[in-house]
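Number of protein chains: 2
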Amino acid sequence: MLVNRSNKRKQPPEQVSELTTNRLSVYLRCLNELDAAGIQTISSQGLATQFHLNAAQIRKDLAYFGEFGVRGVGYYVKELRRHLRKILGLDRRLRVVIIGAGNLGLALADYPGFRQEGFEIVGLFDAANEKIGHESRGGVPIHDIKALRSVAARERLDIAVIAVPAPHAQPVADLVVAAGIKAILNFSPGALVIPEGVKLKSVDLTVSLESLSFYLAQGDLDA
Amino acid sequence: MLVNRSNKRKQPPEQVSELTTNRLSVYLRCLNELDAAGIQTISSQGLATQFHLNAAQIRKDLAYFGEFGVRGVGYYVKELRRHLRKILGLDRRLRVVIIGAGNLGLALADYPGFRQEGFEIVGLFDAANEKIGHESRGGVPIHDIKALRSVAARERLDIAVIAVPAPHAQPVADLVVAAGIKAILNFSPGALVIPEGVKLKSVDLTVSLESLSFYLAQGDLDA
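These protein sequence lines map, in sequence, to chains Z and B. Under the numbering used here, the first sequence has 169 at position 169, and the numbering climbs by one with no breaks. Under the numbering used here, the second sequence has 56 at position 56, and the numbering climbs by one with no breaks.
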């Protein structure tokens with residue numbers, strides 16, 4: 001029996017936590033793999049077993065956005081994948097700029113995972129004259145940071161990735177906000193002040209290592 | 001009046017969430033800055049105002065580990081910094097290896113933030129013959145991944161960073177576990193299967209971008 005598979009929202013998106021959307025990203029990655037392997041349907045339990053996830057959690061997360069499962073069948077892989085891409089806003093190409101053409105910025109510019117999901121790395125921006133006009137190994141051009149505002153005025157830029165040394169992060173964030181970009185992924189350590197209406201997500205690499213350090217220190221205490 | 005400043009634990013460390021330890025890392029970063037600027041004492045409110053944090057949260061987080069504040073004074077910067085470094089296990093040098101000498105691995109190897117906090121990047125490991133024997137721009141040597149186990153047997157390795165393409169991540173994680181390394185920071189997409197007693201932390205760069213994409217898509221719906 002087919003159940004209602006409309007993707008009518010049950011709750012306003014404001015109530016969907018970032019942990020939920022992070023898990024949707026993970027499910028999407030799994031569905032991509034299944035689709036590439038020619039798998040057409042999968043149950044929440046099958047998805048959980050194959051990718052080391054939690055079946056009840058999968059059902060709960062998806063239930064926020066509609067009823068995608070078919071009783072006795074599970075999920076249609078291609079269909080659920082399309083729904084998740086739409087929910088995550090990936091049904092259009094997202095245009096990304098990276099500020100800071102240092103090691104990390106260059107690595108991010110050429111990171112194959114971004115392109116696979118439909119993110120388009122439009123360009124790198126830097127303040128160093130010896131970098132401007134060159135490009136990353138993968139061919140992403142490096143522009144003058146001073147040109148950010150005019151580039152943003154000319155073409156739509158969705159996300160700015162900040163990968164500059166800590167002291168430059170806030171001034172760069174101010175430039176990004178002034179250029180009208182509404183979403184920032186920040187790799188620089190420290191808190192940034194961002195006006196309402198701009199979404200900030202931070203990835204602090206040192207914090208990640210330190211949480212492992214904490215775990216190791218506890219292990220030593222227990223031993 | 002001096003209050004008791006012993007750092008006797010009030011709760012077993014098992015109950016301290018990763019969000020708490022992540023915040024401790026952020027506080028440590030702030031204290032480093034204050035110390036470098038020659039500031040000797042600061043209140044939780046001062047810390048909160050200066051670094052855009054929450055004063056009540058700071059007091060609550062620190063209370064897990066002892067009473068560090070002095071009434072009428074606040075925190076002694078150097079002392080709290082030393083306590084936090086100890087709690088986070090940073091009072092000894094942590095030896096880190098990076099598996100995967102691609103763009104991301106090379107960028108991480110030379111990332112200045114790691115060294116500042118006392119992490120020692122011992123080496124990069126890769127399977128590609130043309131990379132083995134070379135080094136990163138910053139001088140981190142690239143070893144044969146086959147040598148990981150013997151290096152680990154010879155010297156203490158605390159943390160392995162995995163920065164390899166997705167299909168290689170699980171076999172590499174298995175090698176890391178077999179080498180006796182107890183903490184993994186994984187940058188490859190997808191879930192890894194890790195035995196109990198090994199701590200895994202994952203940074204999925206695509207998931208981070210997709211949570212911004214989700215936010216932008218909601219914004220479009222609202223508009």
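Rather than coming from a laboratory, the hints here were simulated on the basis of the structure. Incorrect hints may have been included.
[What the hints assert, rightly or not] Within a straight-line C-alpha distance of at most 30 Å, the following computed BS3-like cross-link-like pairs (lysine-lysine) qualify: (1) B/146 / B/201; (2) Z/86 / Z/60; (3) B/201 / Z/86; (4) Z/201 / Z/60; (5) Z/199 / B/201; (6) Z/131 / B/131; (7) B/86 / Z/60; (8) B/78 / Z/199; (9) B/182 / B/199; (10) B/146 / B/86; (11) B/78 / B/60; (12) B/146 / Z/201; (13) Z/60 / B/201; (14) Z/201 / Z/146; (15) Z/201 / B/60; (16) B/86 / Z/201; (17) Z/201 / B/182.
- Contradicted hints - numbers only: 7, 8, 10 and 12
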